[in-house]
Amino acid sequence: MAKTIMIVDDEQDIRDTVKTLLESEGYRTVTASNGDDALKKLQEQTPDLILLDIMMPGTPVRDVIKKIKKTKIVYFSVVRTSDAEKEELLLNRNVVGFIQKPFDIKDLLKKVKKLVT
Amino acid sequence: MDISKELARNQTVLLLMSGVEYNKIIVDTIKKLDEHKVCYLTMNRTVDSLRELFRRNKISTTHVFFVDVISKSIKEVADKEPDHCLYLSPGSLTEVSLAISELLRQNFDYFIFDSLTNLFSYKQTDDVEKFILTVINKVRETSTKAVLYALNEQEAMIPRCCMFVDKTLVIGEKEPLALTKRA
Numbered sequence: 000m001a002k003t004i005m006i007v008d009d010e011q012d013i014r015d016t017v018k019t020l021l022e023s024e025g026y027r028t029v030t031a032s033n034g035d036d037a038l039k040k041l042q043e044q045t046p047d048l049i050l051l052d053i054m055m056p057g058t059p060v061r062d063v064i065k066k067i068k069k070t071k072i073v074y075f076s077v078v079r080t081s082d083a084e085k086e087e088l089l090l091n092r093n094v095v096g097f098i099q100k101p102f103d104i105k106d107l108l109k110k111v112k113k114l115v116t
Numbered sequence: 000m001d002i003s004k005e006l007a008r009n010q011t012v013l014l015l016m017s018g019v020e021y022n023k024i025i026v027d028t029i030k031k032l033d034e035h036k037v038c039y040l041t042m043n044r045t046v047d048s049l050r051e052l053f054r055r056n057k058i059s060t061t062h063v064f065f066v067d068v069i070s071k072s073i074k075e076v077a078d079k080e081p082d083h084c085l086y087l088s089p090g091s092l093t094e095v096s097l098a099i100s101e102l103l104r105q106n107f108d109y110f111i112f113d114s115l116t117n118l119f120s121y122k123q124t125d126d127v128e129k130f131i132l133t134v135i136n137k138v139r140e141t142s143t144k145a146v147l148y149a150l151n152e153q154e155a156m157i158p159r160c161c162m163f164v165d166k167t168l169v170i171g172e173k174e175p176l177a178l179t180k181r182a
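These protein sequence lines are chains A and B, in that order. Taken in order, the first sequence gives residues 0 to 116; the numbers are from numbering that gives the first Met the number 0. Taken in order, the second sequence gives residues 0 to 182; the numbers are from numbering that gives the first Met the number 0.
Just chain B, with the same shape it has in the complex (with noise of 0.2 Å):
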């Protein structure tokens, strides 16, 4: 999967894949995107956890700026690392939103979502499918190309998911690439 080509052709992707190909997945992305101004988003594992993977893979993330969205909750931090991170807690989606609906206006060539399946965890079905949408909807408001990282493994989530992005890519050991487009 060349993540760039999908992204030339669609604003908005879903990735679906498997918890074992997750580290593989984001670590790939994020190496197609490094000549790039990438926004992005972690409600999965802190931005210490994520500069950690990146850094073991020898990518840097200088031209990434982080939204952290976990760091909060399990230590202190300063509410902001000028130009690198955005610590928001992950209480408020309507922080989260709105902080997103900001950072959008400053011409990020790439918005990348981590993850829809840690929303879904942490918060009602119906909140989460306004904040996606939300975001989504911000997002075509740019020229901003989005990524969204789920797992596969909540099957209930993926048609919620599906619905509102532009194309779905589904990445597994027994089903490579398969592919579904929003009509």
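Looking at chain A on its own, in the form it has when it is part of the complex (with noise of 0.2 Å):
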């Protein structure tokens, strides 16, 4: 059975592209336009892993991050953040890993596909 993916940016430019090249190798995706939309979404199903944006308007990412409880989230920004910082949020719940954008097509499938499989 393919596996969801959820795309959660609020550019809709990255939430398209991402969406098309996930599909292209087979993933089911939802997309959702910021923190508080994927809230919603997350209710009604349960994806296999979440390409989170970091700044996005509404509820900041900090706060989404302790409503979801059940799936992987990957933090998928343009935001550097300091080895600590990473270490920290990477001791936060579901949080599993990062992914900078500008991404590499490449690396970020390789990413998606280990971490779902």
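A portion of the hints provided could be inaccurate.
[Claimed, not checked] Covered by chain A, per the in silico footprint, the following chain B stretches (three or more residues, Cβ under 8 Å):
(1) 45-54
(2) 84-90
[To be verified] Cβ-Cβ distance ranges computed for the label pairs, FRET-style:
(3) 88(B) x 36(A): 17 to 27 Å
(4) 36(A) x 93(B): 21 to 31 Å
(5) 22(A) x 8(B): 49 to 59 Å
(6) 109(A) x 126(B): 33 to 43 Å
(7) 82(A) x 129(B): 33 to 43 Å
(8) 86(A) x 8(B): 37 to 47 Å
(9) 33(B) x 22(A): 43 to 53 Å
(10) 0(A) x 33(B): 51 to 61 Å
(11) 129(B) x 10(A): 14 to 24 Å
(12) 30(B) x 105(A): 31 to 41 Å
(13) 87(A) x 56(B): 17 to 27 Å
(14) 8(B) x 40(A): 48 to 58 Å
(15) 126(B) x 22(A): 27 to 37 Å
Derived by calculation from the structure, the hints in this document are not laboratory data. In this text, all values refer to a predicted model and were calculated from it rather than measured experimentally. All C-beta atoms in this analysis are idealised placements derived from N, C-alpha and C, irrespective of residue type, glycine included.
Put the complex together from the two separate chains, hints included.
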């Protein structure tokens, strides 16, 4: 059965690009335009992985991730953090990795495959 | 490029660079300004990440006051580290603009805006242009010199950025120093 990836990003171009890429690799996708939208959609379904932008309008991501219980999260952002902050963020519940934007397509697909297998 | 020389001749300078050059440029720039009072607005990386980068390059940041518009999104932080950093939420450009106006009254020698690229990726173009113009106008009311960073990978936004500043320096492998000057 196809794995489901949720793409949470306030930029529609990014959502559309990543959705197209992942669907071409056989994944199912769900998109959300911000953290609040994601939380709403998570009440209806449980994806296998969430790609979550860090900087979005609405509820800050630090509060959004506290409400996500069952799904692995990968931060997906242009924001650069220190090594210590990365370690701290990785201690946080379901956060399992980082993908830096702009992203390399092969790298993105490789990481997603690794995390949902 | 000697940024301090460019800033001696121009009050506002935009550095356009590739993503590959970004770390080197921000390190070189802060190094050149190390004996001056600097206000550093970061919209690209957290203040901890910046300090880590500068520390690795043996650069002291005791002369730098940071305004961090990133950290509050990802972790719990106090609103302020007295004398070192002000943490703001990324949601409100008005709040950031007011804080910058207030800070510019404190006679900083230099103001660094890092970076316009990220601003364009977070906000609508009209809001961003209004914000940049407000900040530049506030700078012009003072004797503070401003350095603004932007990546030269977003071609659509480059002309918009250039029109706000006195001088634009394009830094890249193929184009070492292409200069434009505001009319």
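Here is what the structure says about each hint:
With 5 residues carrying a beta carbon less than 8 Å from a beta carbon of chain A, the segment 45-54 of chain B meets the three-residue requirement, and the given coverage holds. Given as covered by chain A, the segment 84-90 of chain B passes the check, having 3 residues with a CB less than 8 Å from a CB of that chain where 3 are the minimum. Take residue 88(B) and residue 36(A): their Cβ atoms lie about 19 Å apart, and the range 17 to 27 Å holds. Separated by about 24 Å at the C-beta atoms, residue 36(A) and residue 93(B) satisfy the suggested range of 21 to 31 Å.
At roughly 53 Å, the beta carbons of residue 22(A) and residue 8(B) sit within the given window of 49 to 59 Å. Here the CB-CB span from residue 109(A) to residue 126(B) is close to 36 Å, well matched to the stated 33 to 43 Å. Against the hinted window of 33 to 43 Å, the Cβ-Cβ separation of residue 82(A) and residue 129(B) comes to about 36 Å, which satisfies the hint. Evaluation of the 37 to 47 Å hint for residue 86(A) and residue 8(B) yields a pass: the beta carbon distance comes to about 44 Å.
Range check, residue 33(B) to residue 22(A): about 50 Å between beta-carbon atoms, so the 43 to 53 Å window is met. Between residue 0(A) and residue 33(B) the C-beta distance comes to about 58 Å, which sits within the given range of 51 to 61 Å. Here the CB-CB span from residue 129(B) to residue 10(A) is close to 20 Å, well matched to the stated 14 to 24 Å. Against the hinted window of 31 to 41 Å, the Cβ-Cβ separation of residue 30(B) and residue 105(A) comes to about 35 Å, which satisfies the hint.
About 23 Å separates the C-beta atoms of residue 87(A) and residue 56(B), a value consistent with the hinted range of 17 to 27 Å. Look at residue 8(B) against residue 40(A): about 54 Å separates their beta carbons, and that is inside 48 to 58 Å. Distance hint for residue 126(B) and residue 22(A): a CB-CB separation of about 32 Å, consistent with the stated range 27 to 37 Å.
Comparing the model with each numbered hint stated earlier shows that all of them hold.
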